[in-house]
Amino acid sequence: MKKTDFICAVGKELNIINTGDWKMYPVVIDQDKCIKCSLCVQYCPTKSIKYKDGKYIIKPDFCKGCGVCIEECKSDAIHFVKGE
Amino acid sequence: MSKRQVLNGNHAAAIGALLARPDVVAAYPITPQTPLVEYFSQYVADGVMDSTIIEPESEHSAMSVLTGASLAGARTFTATSSQGLALMYEPYFRVSTMRLPVVMNIVNREMISPQSVWGGPQDSLTVRDAGWLQIYVEDNQEILDMNIQAFKIAEHKDVLLPINICYDGFYLSHMTEGVVVPDQKDVTDFIPPYNPTHVKLDPETPMAVDPLTPGDYLQYYRELHMVAMDNAKRVIQEVNDEFAAKFGRNHFGLVEPYKMDDAEYVLITLGSLTGSARIAVDIARENGVKVGLVKIRCLRPFPNEEVLELLKGRKAIGVVDRNVSFGWHTGIVYQEIKSAISTLTAVPTVPFIGGLGGEDLTTELMSEAIAKVIEVEQSGTIENKAHWLINTKGR
Amino acid sequence: MKLFEKISNYEDMVGPGITACSGCNVELSMRTALQIFGENTIVAVPPGCMGGVQSVGWADKTGMKIPVFFPLLDNTASMLTGIKKYYERLGRDVNVVAFAGDGATLDAGFQALSGAAERGDNIIYICYDNEGYMNTGFQRSSSTSLGSWTSTTPVGEDAHGKTSHKKDMPMIMAMHDIAYMATASPAYMPDLIRKLEKAKTIKDGLVYIHIYNSCTTGWGYPSEKSIDIVRKGVKSRFMPIYEVDHGKFKLNVDIKDPLPLREYLSSMKKYNHISEEQVVDLQAYIDEKWENLKTLCEVRG
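Residue numbers (my numbering), protein chains in the order written: chain U, 1 to 84; chain A, 1 to 395; chain W, 1 to 301.
This is chain U alone, in the form it adopts within the complex (with noise of 0.2 Å):
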């Protein structure tokens, strides 16, 4: 029974998984108190945090809410937001 077109163990399509969902709560940058030292960017393992507009931001879509970033911020501008 067909079940693909090829004919050994190959993949074309990218496979997606959905690592935002693993996160208790979501993760905001305060931007009043963001110093863009990008010390954030650096260190997401997901590379959740972009450059856009001038400002840095987190994509919610894969953050694993590892905390890495609130860890490091050196102007403690990120949180989990809690309570929603």
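Check the hints yourself; a few may be wrong.
[Claimed, not checked] Think about it this way: if two alpha-carbon atoms lie no more than 20 Å apart in a straight line, the pair counts; the simulated SDA-like pairs of lysine to any residue are:
#1 U/Lys2 with A/Gly215
#2 U/Lys2 with A/Tyr217
#3 W/Lys269 with W/Gly220
#4 A/Lys200 with W/Lys65
#5 U/Lys12 with A/Gly73
#6 U/Lys55 with W/Asn9
#7 W/Lys2 with U/Ser38
#8 A/Lys200 with W/Leu90
#9 A/Lys157 with A/Asp241
#10 U/Lys50 with W/Lys2
#11 U/Lys3 with A/Leu224
If you're looking for bench data, these hints aren't it; they were derived computationally from the structure. The structure displayed is predicted, hence computed values, not measured ones.
Based on these hints, arrange chains A and W on the given structure of chain U.
Then chains A and W, alone, in the frame of chain U:
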């Protein structure tokens, strides 16, 4: 213009592969294959051969390097023997299941223990279920010709499987014979270029190769592999016939029947020991015994239909194995034959084992085998274990 | 625009969701490396953590936007040699990269890597060293440090973790006289990025980059400490950051006043049981390696 040269088996293999113009070659030296690697290296050093040669640090790496090169789209070639084949078993199984048409000569040699360097197909027969095509040849002309045919068979779009050309260590690898070497242009015309699309590591066409795979996909790929093996039977015969038409030499494809038309008794052989068996058959014929011989050339895929057809209606059959199958008390080819003729339950079959570790399988021993086959048929007593052919001359 | 503002918008070659543990600095290293190498790259990810988190793919889907494959545990470097040699033959300059764990590099795949290094094959081999076979539950590797608990060197009445020291792979690779060898840490990102950019430019031999990673699940620390812990590793001189460029040694992060070793060891569970004797042994190991390194930097700088 083709020319006639005096070549040993290793040299014939090197020239056959050279004519096919492989892109990447990686081989690790091992007795009795070493001269093949040396001939290659010299041809590249002299600019006669334009292949990229890599010197790996073991056979495991040799097969791994070629897996990588083949995945990138290269035509690849290597050779090894016994212990080297055992060492490369891990990537070896993978090359066939990833459908990479690598061509590898196996210069058949005994497996250790005991320490031995001498010839015999124990090494390649033991790995016959790893998914490679396997063809066993009888003389140096066949070695050269099959190395040319090998690339065409393996790279065929209905096959896409790696192939072993197996020839006996020392008996063929180090023995010199007159061999006709075809013209480069004729060979280039004969083998179309290799342009894989089914699996390729190339930034221009990105894909994942061999991701973690669940069982239902694995089963599907295995089934496709089986189908490719079935296709290979047809392709091997086709390429044989095309080669015969173009180069004038017919090696019979899957099996070679010899004096089989009216044969009552049959000897079945594999590899270079066929030579002495042919002579014993001729001697028996001169004495009025209707004996024939079937040489199994293609062991994988196994030509079960051809074998069944050839062995129907015979009085008794003997299989000469230069190898052992531990646990069955017979050789390996014996079991393959028994499987193929399982519907012919009435035919007595006699397993023979001999010529291990470099012992000679002489014409006298082959005649002894023929006599035993006749005896078993006439007495009706069939043993379930091998009759050992032991060389007692000068001992 | 600052360096990381620029890099944050480089295309991420790894699929957006892979099942690496939350906070994993190996995921960070892999995504960063492949951002720097770009789309003209073929990457090998052997069995291990990164393979296990589906960065290669699943069933008939891929985990990356570039060609990626699973080598066997023990032949990553050999397979890459074959690929690179063929592309060189075609006259195409393609980055041929390994992203392999310490198990696949220091243990099973050591021979293949040593062979490729000796031949001078132009591949970029990155080892992510989290001191064990983490994907399968933290079995010991030759990169596991002395005294560490692992499932195959457990702690009990008669045993106290691994009894042999960490194999010094960076120095071993430097002694193969390869074109470029560097150690790096995710806690020192600009330095890691510079080394990755340099790796791309090397054409005359093998490049080996040894990243001192950690493992939140195996080593036993909270995920948010992933950078903090490897920073402590560097500051205690346990993870020396240096490079060897065509035989020239250079210490990139000079630690003049090392963090007390106990502060590093006590920040994770795998050393919970550690004895005074083992700490002394570890300290002697660190001191000897540091002195060797300083000497080489002076004499071969």
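Going through the hints against the structure:
no., hint, verdict
1, U/Lys2 with A/Gly215, "holds, 14 Å"
2, U/Lys2 with A/Tyr217, "holds, 9 Å"
3, W/Lys269 with W/Gly220, "holds, 5 Å"
4, A/Lys200 with W/Lys65, "holds, 14 Å"
5, U/Lys12 with A/Gly73, "holds, 17 Å"
6, U/Lys55 with W/Asn9, "holds, 13 Å"
7, W/Lys2 with U/Ser38, "holds, 8 Å"
8, A/Lys200 with W/Leu90, "holds, 15 Å"
9, A/Lys157 with A/Asp241, "holds, 18 Å"
10, U/Lys50 with W/Lys2, "holds, 13 Å"
11, U/Lys3 with A/Leu224, "holds, 11 Å"
Hint violations for this structure: none, all hints satisfied.
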